[in-house]
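Q: The chain contents come next:
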Amino acid sequence: DVKVTQSSRYLVKRTGEKVFLECVQDMDHENMFWYRQDPGLGLRLIYFSYDVKMKEKGDIPEGYSVSREKKERFSLILESASTNQTSMYLCASIEGAYGYTFGSGTRLTVV
Amino acid sequence: GENVEQHPSTLSVQEGDSAVIKCTYSDSASNYFPWYKQELGKRPQLIIDIRSNVGEKKDQRIAVTLNKTAKHFSLHITETQPEDSAVYFCAASTTGFQKLVFGTGTRLLVSP
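Those protein sequence lines, which keep their order, are chains A and B. Note that the first sequence covers residues 1 to 111 in the working numbering. Note that the second sequence covers residues 1 to 112 in the working numbering.
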């Protein structure tokens, strides 16, 4: 089974802090994604990456950046955390026609 | 870009009843339509998917139908059980099963 691991399950950060969310997959997938999940809004795509050092904006990239220096690792960066970035963050990877595999999520609270 | 609408937002049924969740999409180029189930506190998991060259697909008590002309697809769960209680998300993709656009989710509650 593909494993997608998110380093933190819960995070509490202060407004203005720089926040790093880490995601690692163990199946050499080229495509990785960051979504945020909010009640009533579903899952919204923040950024995705098709290969090392390649990144594309999703639907809500404002306030976020990403880094993919190695194929297995895709990091989401909140440059200056704000309270409206309090959310559940889900990483996913995909290869071929088998659908996404999601990580277990990071619930971020910005105070 | 693609937009996916999902209804209803909540659905309550009695055990043994059928449940139907409907989604519409806007981009006629979309060609892949998965459904995910998310139990409380867990990650979304793929339960069934359908591609645009197929009209219907079944897997035991779960089926998905696709109407390309009307740009809508539906999830059907028969003989519902309490363990079917979860949030269900539909999604659509136009780029070879990548970059999914999700619906807003349906909370299904199956009462014993």
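If you are wondering where the hints come from, they were derived from the structure by calculation, not from laboratory data. We put the CB at the ideal spot given by N, CA and C, even for glycine. Watch out, some of these pointers could steer you wrong.
[What the hints assert, rightly or not] Simulated pairs of lysine to any residue, SDA-like, Cα-Cα distance not exceeding 20 Å:
id	chain 1	residue 1	chain 2	residue 2
1	B	Lys37	A	Asp38
2	B	Lys58	B	Lys42
3	A	Lys53	A	Ile77
4	B	Lys42	A	Val52
5	B	Lys42	A	Glu62
6	B	Lys22	B	Gly41
7	A	Lys53	A	Glu69
8	B	Lys37	A	Glu62
9	A	Lys57	B	Gly1
10	A	Lys57	B	Lys42
11	A	Lys70	A	Met27
12	A	Lys13	A	Val52
13	A	Lys3	B	Glu2
14	A	Lys57	A	Leu41
15	B	Lys57	B	Ser74
16	A	Lys55	B	Gln98
17	B	Lys42	A	Ser104
18	A	Lys3	B	Thr94
19	A	Lys3	A	Gly40
20	B	Lys58	B	Gly41
21	B	Lys42	A	Ser87
22	B	Lys22	A	Gly40
23	A	Lys3	B	Gln98
24	A	Lys57	B	Thr94
25	A	Lys3	B	Lys37
26	B	Lys71	B	Glu39
27	B	Lys37	A	Lys55
28	B	Lys42	A	Thr86
[As the list claims (entries may be wrong)] For the chain A half of the interface with chain B, some residues (derived, Cβ under 10 Å), not all of them:
id	residue
29	Gly16
30	Phe20
31	Asn31
32	Gly103
[Said to hold, decoys possible] Between beta-carbon pairs, the in silico distance windows are:
id	chain 1	residue 1	chain 2	residue 2	range
33	A	Arg14	B	Gly16	47 to 53 Å
34	A	Ser7	B	Pro112	27 to 33 Å
35	B	Thr78	A	Pro39	44 to 50 Å
36	A	Ile60	B	Ser52	22 to 28 Å
37	A	Arg14	B	Ser28	43 to 49 Å
38	A	Lys70	B	Gln98	17 to 23 Å
39	B	Asn3	A	Ser7	17 to 23 Å
40	A	Asp28	B	Arg61	32 to 38 Å
Q: None of the hints should be skipped; say for each whether it holds.
A: For each hint, the structure was consulted:
1. Proximity of Lys37 (chain B) to Asp38 (chain A) is assessed by CA-CA distance (about 16 Å); at most 20 Å being required, the pair is judged to hold.
2. For the suggested pair Lys58 (chain B) and Lys42 (chain B), the alpha carbons sit about 24 Å apart, so the restraint of at most 20 Å is broken.
3. Taken as a hint, the Lys53 (chain A) and Ile77 (chain A) pair is honoured in the structure, with Cα atoms around 15 Å apart against an allowance of 20 Å.
4. A C-alpha spacing of about 28 Å is found between Lys42 (chain B) and Val52 (chain A), which places the hinted pair above 20 Å, so the restraint is violated.
5. For the hint linking Lys42 (chain B) to Glu62 (chain A), the alpha-carbon distance of about 27 Å lies beyond 20 Å, and the restraint is violated.
6. In summary, the hint linking Lys22 (chain B) to Gly41 (chain B) is not supported, as the alpha carbons are separated by about 24 Å, beyond the 20 Å threshold.
7. Straight-line distance between C-alpha atoms of Lys53 (chain A) and Glu69 (chain A) comes to about 6 Å, which keeps the hinted pair within the 20 Å bound.
8. The hinted pair formed by Lys37 (chain B) and Glu62 (chain A) fails the criterion: a straight-line CA distance of about 28 Å is larger than 20 Å.
9. With a CA separation close to 13 Å, the supplied pair Lys57 (chain A) and Gly1 (chain B) stays within the 20 Å bound.
10. The suggested pairing of Lys57 (chain A) with Lys42 (chain B) is violated, with an alpha-carbon distance near 26 Å, which exceeds 20 Å.
11. A threshold of 20 Å between alpha carbons decides the hint, and for Lys70 (chain A) with Met27 (chain A) the separation of about 13 Å falls inside it, so the pair holds.
12. Distance check on the hinted pair: Lys13 (chain A) and Val52 (chain A) sit about 28 Å apart at the alpha-carbon level, beyond 20 Å; violated.
13. For the proposed pair Lys3 (chain A) and Glu2 (chain B), the alpha carbon gap of about 28 Å is over 20 Å, so the pair is violated.
14. Using a Cα cut-off of 20 Å, the hinted pair Lys57 (chain A) and Leu41 (chain A) holds, with the two alpha carbons roughly 19 Å apart.
15. Between Lys57 (chain B) and Ser74 (chain B), the direct Cα distance comes to roughly 11 Å. Compliance with the 20 Å bound is thereby established for this hinted pair.
16. Taking the CA atoms of Lys55 (chain A) and Gln98 (chain B), the gap is about 14 Å. The hint holds against a cut of 20 Å.
17. Straight-line distance between C-alpha atoms of Lys42 (chain B) and Ser104 (chain A) comes to about 6 Å, which keeps the hinted pair within the 20 Å bound.
18. Distance hint between Lys3 (chain A) and Thr94 (chain B) is unfulfilled; the C-alpha atoms sit about 25 Å from each other, more than 20 Å.
19. The hinted pair formed by Lys3 (chain A) and Gly40 (chain A) fails the criterion: a straight-line CA distance of about 28 Å is larger than 20 Å.
20. The hinted pair formed by Lys58 (chain B) and Gly41 (chain B) fails the criterion: a straight-line CA distance of about 27 Å is larger than 20 Å.
21. The suggested pairing of Lys42 (chain B) with Ser87 (chain A) holds, with an alpha-carbon distance near 15 Å, which does not exceed 20 Å.
22. A threshold of 20 Å between alpha carbons decides the hint, and for Lys22 (chain B) with Gly40 (chain A) the separation of about 16 Å falls inside it, so the pair holds.
23. The hinted pair formed by Lys3 (chain A) and Gln98 (chain B) meets the criterion: a straight-line CA distance of about 18 Å does not exceed 20 Å.
24. A threshold of 20 Å between alpha carbons decides the hint, and for Lys57 (chain A) with Thr94 (chain B) the separation of about 16 Å falls inside it, so the pair holds.
25. A C-alpha spacing of about 18 Å is found between Lys3 (chain A) and Lys37 (chain B), which places the hinted pair at or below 20 Å, so the restraint holds.
26. With a CA separation close to 28 Å, the supplied pair Lys71 (chain B) and Glu39 (chain B) exceeds the 20 Å bound.
27. Proximity of Lys37 (chain B) to Lys55 (chain A) is assessed by CA-CA distance (about 28 Å); at most 20 Å being required, the pair is judged violated.
28. Of the pairs offered as hints, the one joining Lys42 (chain B) and Thr86 (chain A) holds, with about 18 Å between alpha carbons and a cut-off of 20 Å not exceeded.
29. Taken as an interface hint, Gly16 (chain A) does not check out: its beta carbon lies about 29 Å from the nearest beta carbon of chain B, beyond 10 Å.
30. Below 10 Å, beta-carbon pairs count as interface contacts, and Phe20 (chain A) has none with chain B, the closest being about 20 Å; its hint is therefore violated.
31. Checking Asn31 (chain A) against chain B by beta carbon gives a least distance of about 5 Å; that is within 10 Å, so the hint holds.
32. The criterion of a C-beta within 10 Å of any C-beta in chain B is met by Gly103 (chain A), whose closest approach is roughly 6 Å, and the hint holds.
33. Judged by the Cβ atoms, the range 47 to 53 Å given for Arg14 (chain A) and Gly16 (chain B) holds: they are separated by roughly 50 Å.
34. Evaluation of the 27 to 33 Å hint for Ser7 (chain A) and Pro112 (chain B) yields a failure: the beta carbon distance comes to about 39 Å.
35. The supplied range of 44 to 50 Å is broken by Thr78 (chain B) and Pro39 (chain A), whose beta-carbon atoms lie about 28 Å from each other.
36. A hinted range of 22 to 28 Å holds for the C-beta pair Ile60 (chain A) and Ser52 (chain B), which are about 27 Å apart.
37. Between Arg14 (chain A) and Ser28 (chain B) the beta carbons are some 46 Å apart, a value that agrees with the proposed interval 43 to 49 Å.
38. At roughly 20 Å, the beta carbons of Lys70 (chain A) and Gln98 (chain B) sit within the given window of 17 to 23 Å.
39. At roughly 32 Å, the beta-carbon separation of Asn3 (chain B) and Ser7 (chain A) lies outside the given 17 to 23 Å, and the hint is violated.
40. Distance hint check: the CB atoms of Asp28 (chain A) and Arg61 (chain B) are about 34 Å apart, consistent with the given range 32 to 38 Å.
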